[in-house]
Amino acid sequence: GAVVSQHPSWVICKSGTSVKIECRSLDFQATTMFWYRQFPKQSLMLMATSNEGSKATYEQGVEKDKFLINHASLTLSTLTVTSAHPEDSSFYICSAPGASSGYGYTFGSGTRLTVV
Amino acid sequence: GEDVEQSLFLSVREGDSSVINCTYTDSSSTYLYWYKQEPGAGLQLLTYIFSNMDMKQDQRLTVLLNKKDKHLSLRIADTQTGDSAIYFCAGSGSSNTGKLIFGQGTTLQVKP
Chain A
1 GAVVSQHPSW VICKSGTSVK IECRSLDFQA TTMFWYRQFP KQSLMLMATS NEGSKATYEQ
61 GVEKDKFLIN HASLTLSTLT VTSAHPEDSS FYICSAPGAS SGYGYTFGSG TRLTVV
Chain B
1 GEDVEQSLFL SVREGDSSVI NCTYTDSSST YLYWYKQEPG AGLQLLTYIF SNMDMKQDQR
61 LTVLLNKKDK HLSLRIADTQ TGDSAIYFCA GSGSSNTGKL IFGQGTTLQV KP
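Here the protein sequences line up with chains A and B, keeping their order.
Just so you know, this note's numbering puts 114 at position 114 of the first sequence, and the rest follows in order with no gaps.
Just so you know, this note's numbering puts 56 at position 56 of the second sequence, and the rest follows in order with no gaps.
If you're looking for bench data, these hints aren't it; they were derived computationally from the structure.
Watch out, some of these pointers could steer you wrong.
Unchecked claim - Derived lysine-lysine pairs resembling BS3-like cross-links, with alpha carbons at most 27 Å apart: (1) B:K67 with A:K66; (2) B:K99 with B:K56; (3) B:K36 with A:K41; (4) B:K99 with A:K20; (5) A:K66 with A:K20; (6) B:K68 with A:K41; (7) A:K20 with A:K41; (8) B:K68 with A:K66; (9) A:K64 with B:K99; (10) B:K99 with A:K55.
Using the sequences provided together with the hints, build the complete structure.
This is the structure we're talking about:
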């Protein structure tokens, strides 16, 4: 079935540094990638939608300069958390419409970001 | 916009049936989904139902959709300890952007 590979699984970084999270569609082309953020014991909050070859669409309240999204190819979308702060610590998950998963969406395994 | 709500916690004994409920506000959702999330992991699609269906059964899973009441439920028969996880319902909403609107998630605890 459709697989979205997300890396890293977890990362610890110092305040002020930047962290890049990658999501790759392994056996299908993902023209669209959704990026979510999930706080402990809470639901998924959509941050932005990336489309291959065009600018990402950010949800209201999400700082586009802080959360840089790039969708450089049909199989790769990246989220870069710039100048990270402890409040950016969260679980980040990507999702793409999965070609072989029927009408569902295929999710990456998530990235646990801890900013110290 | 679409609003999706779920009860937050459900505890059952192994072998019992579990019923997780969800209500939504936007009746224009074409599809409604159930996802499972285990600790520290991404979301796994369990099943989905078209908005023009009332019921869908897939092995131990039964999805019921009451369009009049905008109520969706997931029944897990013969619940096992491996079913312990957070379950999210999600709707596609009226937007054609493909965005999913998630409920808060229901934590299912299965006691041996």
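>> Under the constraints set out in the numbered hints, which ones does this structure not fulfil?
In response: As far as the earlier hints go, 1, 6, 8 are violated by this structure, in ascending order.
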